[in-house]
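There are 6 protein chains.
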Amino acid sequence: MATVKLWTDEDVARDPAVKAVFDDIRTTRKSDFVNDFWRGLAHDAGTLKRVWEGLKAIMIAPGALDPLTCELIYIAVSITNGCQYCIHSHTAAARAKGMTDGQHGHMLAIVGMANQTNALVTGLGVAPDDVFLVR
Amino acid sequence: MATVKLWTDEDVARDPAVKAVFDDIRTTRKSDFVNDFWRGLAHDAGTLKRVWEGLKAIMIAPGALDPLTCELIYIAVSITNGCQYCIHSHTAAARAKGMTDGQHGHMLAIVGMANQTNALVTGLGVAPDDVFLVR
Amino acid sequence: MATVKLWTDEDVARDPAVKAVFDDIRTTRKSDFVNDFWRGLAHDAGTLKRVWEGLKAIMIAPGALDPLTCELIYIAVSITNGCQYCIHSHTAAARAKGMTDGQHGHMLAIVGMANQTNALVTGLGVAPDDVFLVR
Amino acid sequence: MATVKLWTDEDVARDPAVKAVFDDIRTTRKSDFVNDFWRGLAHDAGTLKRVWEGLKAIMIAPGALDPLTCELIYIAVSITNGCQYCIHSHTAAARAKGMTDGQHGHMLAIVGMANQTNALVTGLGVAPDDVFLVR
Amino acid sequence: MATVKLWTDEDVARDPAVKAVFDDIRTTRKSDFVNDFWRGLAHDAGTLKRVWEGLKAIMIAPGALDPLTCELIYIAVSITNGCQYCIHSHTAAARAKGMTDGQHGHMLAIVGMANQTNALVTGLGVAPDDVFLVR
Amino acid sequence: MATVKLWTDEDVARDPAVKAVFDDIRTTRKSDFVNDFWRGLAHDAGTLKRVWEGLKAIMIAPGALDPLTCELIYIAVSITNGCQYCIHSHTAAARAKGMTDGQHGHMLAIVGMANQTNALVTGLGVAPDDVFLVR
Numbered sequence: 001m002a003t004v005k006l007w008t009d010e011d012v013a014r015d016p017a018v019k020a021v022f023d024d025i026r027t028t029r030k031s032d033f034v035n036d037f038w039r040g041l042a043h044d045a046g047t048l049k050r051v052w053e054g055l056k057a058i059m060i061a062p063g064a065l066d067p068l069t070c071e072l073i074y075i076a077v078s079i080t081n082g083c084q085y086c087i088h089s090h091t092a093a094a095r096a097k098g099m100t101d102g103q104h105g106h107m108l109a110i111v112g113m114a115n116q117t118n119a120l121v122t123g124l125g126v127a128p129d130d131v132f133l134v135r
Numbered sequence: 001m002a003t004v005k006l007w008t009d010e011d012v013a014r015d016p017a018v019k020a021v022f023d024d025i026r027t028t029r030k031s032d033f034v035n036d037f038w039r040g041l042a043h044d045a046g047t048l049k050r051v052w053e054g055l056k057a058i059m060i061a062p063g064a065l066d067p068l069t070c071e072l073i074y075i076a077v078s079i080t081n082g083c084q085y086c087i088h089s090h091t092a093a094a095r096a097k098g099m100t101d102g103q104h105g106h107m108l109a110i111v112g113m114a115n116q117t118n119a120l121v122t123g124l125g126v127a128p129d130d131v132f133l134v135r
Numbered sequence: 001m002a003t004v005k006l007w008t009d010e011d012v013a014r015d016p017a018v019k020a021v022f023d024d025i026r027t028t029r030k031s032d033f034v035n036d037f038w039r040g041l042a043h044d045a046g047t048l049k050r051v052w053e054g055l056k057a058i059m060i061a062p063g064a065l066d067p068l069t070c071e072l073i074y075i076a077v078s079i080t081n082g083c084q085y086c087i088h089s090h091t092a093a094a095r096a097k098g099m100t101d102g103q104h105g106h107m108l109a110i111v112g113m114a115n116q117t118n119a120l121v122t123g124l125g126v127a128p129d130d131v132f133l134v135r
Numbered sequence: 001m002a003t004v005k006l007w008t009d010e011d012v013a014r015d016p017a018v019k020a021v022f023d024d025i026r027t028t029r030k031s032d033f034v035n036d037f038w039r040g041l042a043h044d045a046g047t048l049k050r051v052w053e054g055l056k057a058i059m060i061a062p063g064a065l066d067p068l069t070c071e072l073i074y075i076a077v078s079i080t081n082g083c084q085y086c087i088h089s090h091t092a093a094a095r096a097k098g099m100t101d102g103q104h105g106h107m108l109a110i111v112g113m114a115n116q117t118n119a120l121v122t123g124l125g126v127a128p129d130d131v132f133l134v135r
Numbered sequence: 001m002a003t004v005k006l007w008t009d010e011d012v013a014r015d016p017a018v019k020a021v022f023d024d025i026r027t028t029r030k031s032d033f034v035n036d037f038w039r040g041l042a043h044d045a046g047t048l049k050r051v052w053e054g055l056k057a058i059m060i061a062p063g064a065l066d067p068l069t070c071e072l073i074y075i076a077v078s079i080t081n082g083c084q085y086c087i088h089s090h091t092a093a094a095r096a097k098g099m100t101d102g103q104h105g106h107m108l109a110i111v112g113m114a115n116q117t118n119a120l121v122t123g124l125g126v127a128p129d130d131v132f133l134v135r
Numbered sequence: 001m002a003t004v005k006l007w008t009d010e011d012v013a014r015d016p017a018v019k020a021v022f023d024d025i026r027t028t029r030k031s032d033f034v035n036d037f038w039r040g041l042a043h044d045a046g047t048l049k050r051v052w053e054g055l056k057a058i059m060i061a062p063g064a065l066d067p068l069t070c071e072l073i074y075i076a077v078s079i080t081n082g083c084q085y086c087i088h089s090h091t092a093a094a095r096a097k098g099m100t101d102g103q104h105g106h107m108l109a110i111v112g113m114a115n116q117t118n119a120l121v122t123g124l125g126v127a128p129d130d131v132f133l134v135r
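Residue numbers (the numbering used here), protein chains in the order written: chain A, 1 to 135; chain B, 1 to 135; chain C, 1 to 135; chain D, 1 to 135; chain E, 1 to 135; chain F, 1 to 135.
Hints are supplied without guarantee of correctness; some may be wrong.
If several chains are the same, the list does not tell them apart, and a pair holds so long as it fits within one copy or across any two.
To be verified - Here are the simulated DSS-like pairs of lysine-lysine, each with C-alpha atoms no more than 30 angstroms apart in a straight line: (1) K19 - K30; (2) K19 - K56; (3) K30 - K49; (4) K49 - K97; (5) K19 - K5.
None of these hints come from the bench; they were simulated from the model.
Using the sequences provided together with the hints, build the complete structure.
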């Protein structure tokens, strides 16, 4: 599937704004491979640049959370949204950052449990206890 | 709100199966406080016991992921599902386990970014690259 | 909250198209009470009529599923979407149609379990087995 | 995939209620092509008729919003629900109604941004400001 | 797709904890066939056992709701989450438990209607009527 | 509720990075009022700046879609995610940009219908017709 044509490297080469982002992706990741998400996003150079720079700031630059934890959180969101692209790409990224099978299984168990208790408490219609509120 | 009456400690005392779970919650957490989720779930002793034991195994027993990382993943799912009860209770739990404001902000930024890129790749309809698939 | 003003009976009386639907709701349900969903929807007589007639055909007219089963399915969807209005109104409707506490608890347990396994299988990225496909 | 057999034109010809809807789809759209959504829905003539007439009233009959804006809103919902069928069919419909690549990209950017800020504000647990409420 | 390798019977035979669950699945269901969800979950024997025992208690053991109603509720959740695996497997299970085409169509109509009214009432921002609240 | 303390103007005045964003919000919107979303986000100056600049580029700067259409798309996403904050703030913003009651009602009808057909086609498990795919 795909609702747009994915840009080849030839297409990218013809658009300097897109090429600048692709070059930065390649340099930052130290890899020539650019995955299809960016090739679909290339139709809109502004969004491409904004999303890439946001991802770089949040997922690649040093932050309060370590890189593997960042990937686990990303996968948890992607599973809950049912986004197979992001589940697959970020599971691969997590493995590349050292995720063990045990950590993968633990994360999946938490995501399953959270989805279960989210549903239960929502069905019960219970409001947060006072003690959980920030004043 | 609430679609059921929340059980008071007096209600709990009258049902041995429910009381056994509440006792275990108090012992395990080393606290007399039992939050309202469990008081809503008390109507169904079987589900109460099953969910508590699942949570204990996944979120409290030692596992492949450390306790704070578990909470961050739990919050990420709860935000994506829009479950205010679990967002509030697990944000409080994460703080009790040492989450700093910086880690909270980083987690929120990742959850926001993942929701954004999930939507973008879904709207583009892009399938996972071959390289991400497990054979 | 509310993004629109809810129509009072006086407002309704001034708009014959809206009044006709409100009259039919009251006659069909054999009750003078009209809940706030319809008072919010009254701003758009076309949607009001279309939605009411759809609901009447699916949830009130005799069908392949009995009325209580219909309500349980409705609640299951509403929980999964996190819609507190529909959770509360349809839990009340299910009780009025004879839902026992045991049935309520069983339904909640299924909804929790389904949300859990939906997440697990989505995170695993497993495709439906051939045997489940309709040819 | 598919959980039901899709009706061929021969199947349709044998059921007058279904055929009447298919005829109206063809006449209204001025095209002989009927897409697979309707062929799946054909198992239930009542739902088929109700959904088609609702769609015709909302998406085809003249309304307060122009046809292209209607399609953009439809796509935004479908992306957020992760419904690839509707994303693909309504992206095609939007293009047929004149959607430019620039408008497609702008819509995608908004959908991504809204999903991001929905998550952020939900994670912060912030209630709507008083000034946004309708009294 | 799949983010993990699916376990074959040979893999299962090498892990006694996993084999015990697979044996129980086969005995309980009186069938040698074990579907791919369990083969993906086999990587984590603890989650495998916990989820199977939960499902057995909720979906197979006698409960307040009959087995077909349980499946309909399960499908309703799975559709709302967009989980094709569970939609396909539980639609097949419902048919095996006697679901007629009429019941399937009725369930789908309810799920569609509930998703529609969930969205409408959410967009209107209407709070549950007092009469729906449990005191 | 709220999982963080909302920043007052006094808090903002003490942090130059946050103050710079708040000043730009006030200048750009030509209004002294800053809504609580930004006061919650102020804990993380990096995310605050990134989200505000993204919103300014997508929702305020001239683009391929007019400002009111942008707001309608934003509301459609927010309804589907059940985010009351964004539903209320963007419904107010849409009205400020000229949204009529008729346009509001039309948008809601489309969002309801799309959520309905998303569910129906997902439950039927129908794949996009070949004619909808981009090659």
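Hint by hint, here is what the structure shows:
| no. | hint | result |
| --- | --- | --- |
| 1 | K19 - K30 | within (16 angstroms within a copy, 37 angstroms between copies) |
| 2 | K19 - K56 | both (17 angstroms within a copy, 24 angstroms between copies) |
| 3 | K30 - K49 | both (18 angstroms within a copy, 28 angstroms between copies) |
| 4 | K49 - K97 | both (24 angstroms within a copy, 28 angstroms between copies) |
| 5 | K19 - K5 | within (17 angstroms within a copy, 36 angstroms between copies) |
The structure shown violates none of the earlier numbered hints.
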